[in-house]
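J.: For the record, the sequence lines run as chains A and B. In this text, residue positions in the first sequence follow numbering that gives the first Met the number 0: the first is 0, and each later residue adds one. In this text, residue positions in the second sequence follow numbering that gives the first Met the number 0: the first is 0, and each later residue adds one.
Worth flagging that the hints you see were computed from the coordinates, not collected in a lab. Note that this is a predicted model, so its numbers are computed, not measured. Fair warning: there could be bad hints in the mix.
Once the Cα atoms are required to be at most 35 Å apart in a straight line, the calculated DSBU-like pairs of lysine-lysine come out as [unchecked claim]:
| no. | chain 1 | residue 1 | chain 2 | residue 2 |
| --- | --- | --- | --- | --- |
| 1 | B | K462 | A | K243 |
| 2 | A | K114 | A | K240 |
| 3 | B | K462 | B | K249 |
| 4 | B | K554 | B | K237 |
| 5 | B | K237 | B | K249 |
| 6 | B | K351 | B | K389 |
| 7 | B | K542 | B | K360 |
| 8 | A | K318 | B | K200 |
| 9 | B | K462 | A | K240 |
| 10 | B | K462 | B | K360 |
| 11 | B | K261 | B | K554 |
| 12 | A | K205 | B | K554 |
| 13 | A | K135 | A | K318 |
| 14 | A | K114 | B | K462 |
| 15 | B | K389 | B | K554 |
Some, not all, of what chain B presents toward chain A, calculated at C-beta under 7 Å [said to hold, decoys possible]:
| no. | residue |
| --- | --- |
| 16 | L4 |
| 17 | S28 |
| 18 | S32 |
| 19 | A36 |
| 20 | W47 |
| 21 | R184 |
| 22 | R591 |
Every residue gets a Cβ at the ideal spot worked out from N, C-alpha and C, and that includes glycine.
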Amino acid sequence: MKAVTSDQFETFLASVTSAFDVRVPIALEDGTRSLGRLGEGPLVLAGGALPGKPTAVFFPQFETTLTYRPGCVQMQQAPERPLLVVGLTSEDANCLEFMDRFFNEPFHDDVYFHKRAGAVIVVVSGRCGPNGRFLKISRGNCDLELVSDGARFVVVPHTETGRHLCDRIDNGGEASLDPLQRESDALGTEFADTVNRASELMRQDKVPEAFWQELGDRCIACTGCNLVCPTCTCFDVYDWKCGKLVERQRLWDSCQLSGFAREASGFNPLSTEGSRARRRIHHKLVADPQRWGSITCFHCGRCDDVCPAGLGIRAVCQKIVERYG
Amino acid sequence: MNRTLTTCPYCGTGCQFYLVADDAGRLVSVEPSTEHAVSRGQLCVKGWNAFEFVHHPDRLTQPLIRGNGRFEPAAWDEALDLVATRLVDLQKRHGPDSVAFFSSAKTTNEENYLMMKLARAAFHTNNVDHCARLCHSSMVAGLAAAFGSGAMTNSISCMEEADCIFVTGSNTTEQHPLIGTRIMRNVLERGAKLIVSDNRKIRLARFADVHLRPRNGTDVPLLNSMMNVILRERLEDKQFVASRTENYQKLRDVVAEYPPEKGAEICGVTADEIVRAARTFAEADRAMIVYSMGITQHTHGVDNVRSCANLAMLTGNLGRPGTGVNPLRGQNNVQGACDMGALPNVYSGYQKVTEAPIRAKFEEAWGVESLPAEVGLGVTTAIDAAAEGKLKGLLVMGENPMLSDPDQNHVRRALENLEFLAVIDIFPTQTSQFAHVVLPAASYAEKDGTFTSTERRVQRVRKAIDPLGGSRPDWEILCEMGRRAGYAGMHYDSPSDVMDEIGRLTPIYAGIAYDRIRRVGLQWPCPDRRHAGTPVLHVGAFKRGRGLFSPARYKPPAELPDAQYPFVLSTGRCYWHFHTGTMTRRSRLLDREVHDGYVEINPDDARALGIRDGQRVTVTTRRAEVTAVARVTDVVIQGVLFMPFHFEEGPANALTNNALDPECKIPEYKVCAARVGSAQGAAYESRDV
Chain A
0 MKAVTSDQFE TFLASVTSAF DVRVPIALED GTRSLGRLGE GPLVLAGGAL
50 PGKPTAVFFP QFETTLTYRP GCVQMQQAPE RPLLVVGLTS EDANCLEFMD
100 RFFNEPFHDD VYFHKRAGAV IVVVSGRCGP NGRFLKISRG NCDLELVSDG
150 ARFVVVPHTE TGRHLCDRID NGGEASLDPL QRESDALGTE FADTVNRASE
200 LMRQDKVPEA FWQELGDRCI ACTGCNLVCP TCTCFDVYDW KCGKLVERQR
250 LWDSCQLSGF AREASGFNPL STEGSRARRR IHHKLVADPQ RWGSITCFHC
300 GRCDDVCPAG LGIRAVCQKI VERYG
Chain B
0 MNRTLTTCPY CGTGCQFYLV ADDAGRLVSV EPSTEHAVSR GQLCVKGWNA
50 FEFVHHPDRL TQPLIRGNGR FEPAAWDEAL DLVATRLVDL QKRHGPDSVA
100 FFSSAKTTNE ENYLMMKLAR AAFHTNNVDH CARLCHSSMV AGLAAAFGSG
150 AMTNSISCME EADCIFVTGS NTTEQHPLIG TRIMRNVLER GAKLIVSDNR
200 KIRLARFADV HLRPRNGTDV PLLNSMMNVI LRERLEDKQF VASRTENYQK
250 LRDVVAEYPP EKGAEICGVT ADEIVRAART FAEADRAMIV YSMGITQHTH
300 GVDNVRSCAN LAMLTGNLGR PGTGVNPLRG QNNVQGACDM GALPNVYSGY
350 QKVTEAPIRA KFEEAWGVES LPAEVGLGVT TAIDAAAEGK LKGLLVMGEN
400 PMLSDPDQNH VRRALENLEF LAVIDIFPTQ TSQFAHVVLP AASYAEKDGT
450 FTSTERRVQR VRKAIDPLGG SRPDWEILCE MGRRAGYAGM HYDSPSDVMD
500 EIGRLTPIYA GIAYDRIRRV GLQWPCPDRR HAGTPVLHVG AFKRGRGLFS
550 PARYKPPAEL PDAQYPFVLS TGRCYWHFHT GTMTRRSRLL DREVHDGYVE
600 INPDDARALG IRDGQRVTVT TRRAEVTAVA RVTDVVIQGV LFMPFHFEEG
650 PANALTNNAL DPECKIPEYK VCAARVGSAQ GAAYESRDV
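Work the whole structure out from these sequences, hints included.
T.: Quick look at the structure:
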């Protein structure tokens with residue numbers, strides 16, 4: 000298969016910027032990695048999951064969904080060029096697959112699909128994870144995949160769009176995917192196993208209320224877990240009035256806030272710290288499987304990195320399995 | 000998209016994040032720095048929401064001049080000329096000290112430096128101060144006397160290295176969340192001991208080995224009794240005391256008056272609790288003290304600080320990682336505003352205005368003939384002077400004394416009494432309502448500069464977007480003001496030039512320049528451009544030579560409960576809001592979380608008074624009566640009420656007592672006498688825990 004260096008791939012990306020709004024993993028001023036445009040920082044394909052959720056390109060933290068002026072309502076417009084997003088991990092691709100379902104069933108969310116429609120997704124996997132870790136190769140649920148063999152990236156198209164783009168990439172040499180695929184298949188599944196086991200225990204009602212209160216004691220409600228989770232979809236809608244102009248905003252919300260579920264009557268089904276700590280985990284591990292047929296944590300690990308209190312989903316599931324398994 | 004690395008504008012922890020602006024130049028999110036030593040890819044809820052208020056429709060975007068009883072938009076030239084002319088005119092008629100300047104812990108180091116230069120060089124007065132007067136002036140005075148330096152002795156990383164942490168008067172997980180969680184995880188995951196002294200059941204108290212719940216204002220006897228136990232059981236660090244301290248016998252004599260039984264009686268805790276706390280602290284290899292407003296905001300705040308310093312010295316817990324006396328600064332740049340000399344008694348770097356050689360240095364550098372030699376008015380004493388008619392003019396930058404200073408009616412009278420008031424701010428405030436001129440400032444996201452965090456780390460603030468509307472950065476406004484007041488020494492091309500001047504005149508900042516803090520901030524003292532900064536102060540020796548034991552005796556608060564006002568009212572902040580709410584109340588999720596003033600009351604007290612949770616009540620002191628929503632909770636002990644001061648709808652500082660510490664003039668926000676009762680026509684309001 001075709002193989003390219005990072006520089007060769009960057010050259011290819013530069014050649015398609017007139018057709019696509021290209022977003023790539025870049026290193027920012029102090030080395031923090033983020034999803035930016037070419038030229039906004041050095042391209043850094045290696046390093047694994049970006050700290051922020053890549054699904055934010057389609058569902059950003061804050062956006063104006065419509066603008067009202069007397070006699071004129073303007074809805075959010077689709078971008079001029081479709082997005083080409085590089086740097087998702089295979090776990091992120093799974094998250095995006097869920098997001099596409101969430102924003103389409105039963106209600107089709109135009110604001111999301113304005114950006115998502117026509118977008119090209121490029122997963123990065125292989126021997127380029129943090130601390131030399133191997134990043135799992137995707138299930139093919141993306142357009143194009145760059146699988147690192149440690150020196151170059153094997154270019155693997157998964158869709159017609161991906162094949163079309165692959166054809167336009169200069170060939171930096173031939174490489175075989177097979178050994179990399181075997182390495183990927185041999186990766187451990189501890190994270191997934193832990194989450195699955197914790198989910199079972201919760202569904203069997205084996206996790207007592209006291210456990211969630213213990214988490215509630217520790218949680219400072221920074222909301223970071225929700226804000227970095229690629230499958231958290233909750234948002235708040237409100238209007239900003241500035242003279243005769245009204246902007247309707249939507250803003251990521253968080254189930255770790257007491258205002259999240261508070262009803263107009265004053266009643267709040269999530270009125271305690273413990274119930275809010277439970278809600279996040281329960282939703283992904285119990286409620287979503289009932290609603291969507293699968294757990295909606297795809298093991299990206301971001302909430303474990305972002306939580307100042309050490310309450311990421313992996314840490315919590317490990318505790319559940321240790322204590323109640 | 001544009002991502003700009005900058006420093007959080009809320010508490011003093013000093014987290015760094017990227018402000019993300021969309022292609023239209025609108026801030027749309029925050030991304031924490033994963034590489035920053037404090038943030039490590041994490042933030043608290045305020046940090047995550049620190050972009051939204053910037054574009055709020057309420058932003059001031061053009062100068063306003065009061066005419067015919069209301070504000071009219073004005074051109075910058077007209078407004079600036081008016082401010083300078085009126086202040087100069089007042090000085091001509093009433094003398095240089097008839098005007099005062101309130102600087103701001105929200106603004107940058109460069110702006111604080113320029114404000115104090117404006118006051119001193121352009122307006123020839125030392126009447127310059129900022130809100131550190133209200134929060135940590137007692138710390139600056141107390142620790143400077145004991146150690147020679149009024150700042151946190153250690154670094155935030157030390158929170159993870161301590162074997163015992165004594166948290167007193169700091170609700171750390173709420174007010175410095177990324178420091179609080181370090182303490183929590185050190186306790187839960189590394190096994191450090193935790194002592195909490197706070198009669199509120201704060202989150203950290205849930206993990207404490209010893210939770211002391213002393214009466215408000217009894218910190219000195221509590222600390223004295225702990226030291227009494229340490230000496231009685233010979234747990235003191237004899238070598239440290241002998242080699243590094245002085246005035247030890249005096250400490251022994253005073254502490255001997257406070258056996259734990261006596262401390263227990265004064266404080267309302269048990270002698271056993273005091274003994275356990277003392278042993279736990281003294282037996283640890285590395286023990287640190289963490290404190291905040293619960294220690295400082297008292298009429299004996301300086302004595303409280305001295306007592307903390309005494310305990311640390313007695314047990315040899317200074318000058319090493321994982322130890323120290325660690326006051327947590329409450330605002331993004333309150334440390335820097337102090338460092339910059341936005342204080343009535345010192346220039347930048349705590350160089351005293353009363354010392355002639357220091358004045359001569361600044362006179363030469365600033366090109367002025369004789370700088371004022373008398374200590375000026377502080378925030379609290381300036382308001383008093385205005386109320387008495389002695390102060391005629393006031394320029395306020397980024398402060399809101401109507402909500403933040405004690406006794407709001409007194410502040411209102413003072414502001415109404417001024418002949419001229421000018422306010423520079425990003426939003427209209429309760430204070431700007433009284434102004435004759437309001438100047439619109441750029442927010443932290445719209446300008447360059449530096450903030451200095453609680454661990455003395457000088458960090459960059461960067462312009463992410465252009466100033467909104469016609470607003471301008473404070474540093475530009477101040478320079479214009481200086482020029483229009485007839486002073487030619489305030490022309491700079493950029494804040495970087497200001498920092499270079501600060502470095503030339505300020506020994507502890509001499510090694511700090513923008514090219515050195517591009518990625519990582521430096522911790523002062525940083526005496527030259529090769530110096531790597533100072534994470535831990537007083538290693539081997541104190542700045543003043545030997546540490547000075549300064550024992551104190553118990554002095555009760557100025558106003559205690561009586562038959563008419565049977566409760567102690569204590570005030571502070573809540574997690575969701577920041578100070579007078581100017582920014583957080585304009586952040587959707589934060590304001591949704593808590594959107595009205597509340598008062599915490601113990602369930603037994605509530606039952607006795609027939610007060611239900613969520614009910615609207617009146618809280619009354621000798622100064623005022625306000626309404627608030629009752630939170631019936633065992634967070635507070637019987638006999639104590641707690642109110643946050645963020646809310647203009649129920650301003651806690653209408654109630655507080657303007658009684659000041661005689662040494663540093665900090666008000667006693669933590670104790671006054673109050674009563675509480677059901678409000679007429681009360682409506683039920685729900686709340687969560």
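J.: Please go over all the hints and tell whether each is borne out by the structure.
T.: Now for the hints, and whether the structure bears them out:
Between K462 (chain B) and K243 (chain A) the CA atoms are separated by roughly 29 Å; this keeps the pair inside 35 Å, and the hint holds. Taking the CA atoms of K114 (chain A) and K240 (chain A), the gap is about 26 Å. The hint holds against a cut of 35 Å. Restraint check for K462 (chain B) and K249 (chain B): the C-alpha separation of about 53 Å exceeds 35 Å, so the hint is violated. At roughly 29 Å between alpha-carbon atoms, K554 (chain B) and K237 (chain B) fall within 35 Å of each other, so this suggested pair holds.
For the hint linking K237 (chain B) to K249 (chain B), the alpha-carbon distance of about 15 Å falls within 35 Å, and the restraint holds. Between the alpha carbons of K351 (chain B) and K389 (chain B) the distance comes to roughly 25 Å, so the proposed pair stays at or under 35 Å and holds. For the given pair, K542 (chain B) sits about 22 Å from K360 (chain B) by alpha-carbon distance, which is consistent with the 35 Å threshold. For the proposed pair K318 (chain A) and K200 (chain B), the alpha carbon gap of about 26 Å is at most 35 Å, so the pair holds.
Distance check on the hinted pair: K462 (chain B) and K240 (chain A) sit about 26 Å apart at the alpha-carbon level, within 35 Å; holds. A C-alpha spacing of about 33 Å is found between K462 (chain B) and K360 (chain B), which places the hinted pair at or below 35 Å, so the restraint holds. Of the pairs offered as hints, the one joining K261 (chain B) and K554 (chain B) holds, with about 14 Å between alpha carbons and a cut-off of 35 Å not exceeded. In summary, the hint linking K205 (chain A) to K554 (chain B) is not supported, as the alpha carbons are separated by about 55 Å, beyond the 35 Å threshold.
Restraint check for K135 (chain A) and K318 (chain A): satisfied, since their Cα atoms lie roughly 25 Å apart, inside the 35 Å limit. With a C-alpha separation of about 29 Å, the suggested pairing of K114 (chain A) with K462 (chain B) holds against the 35 Å cut-off. At roughly 31 Å between alpha-carbon atoms, K389 (chain B) and K554 (chain B) fall within 35 Å of each other, so this suggested pair holds. With its C-beta approaching chain A no nearer than about 5 Å, L4 (chain B) sits inside the 7 Å limit, and its interface hint holds.
Annotation: S28 (chain B) was flagged as interfacial toward chain A, and the flag holds, the nearest CB pair being 4 Å apart, inside 7 Å. The beta carbon of S32 (chain B) comes within 5 Å of a beta carbon in chain A, closer than 7 Å, and the hint placing it at the interface holds. Annotation: A36 (chain B) was flagged as interfacial toward chain A, and the flag is violated, the nearest CB pair being 10 Å apart, outside 7 Å. Annotation: W47 (chain B) was flagged as interfacial toward chain A, and the flag holds, the nearest CB pair being 6 Å apart, inside 7 Å.
The beta carbon of R184 (chain B) comes within 6 Å of a beta carbon in chain A, closer than 7 Å, and the hint placing it at the interface holds. Annotation: interface hint on R591 (chain B) holds; nearest CB of chain A at approximately 4 Å, less than 7 Å.
Hint violations for this structure: numbers 3, 12 and 19, all remaining hints satisfied.
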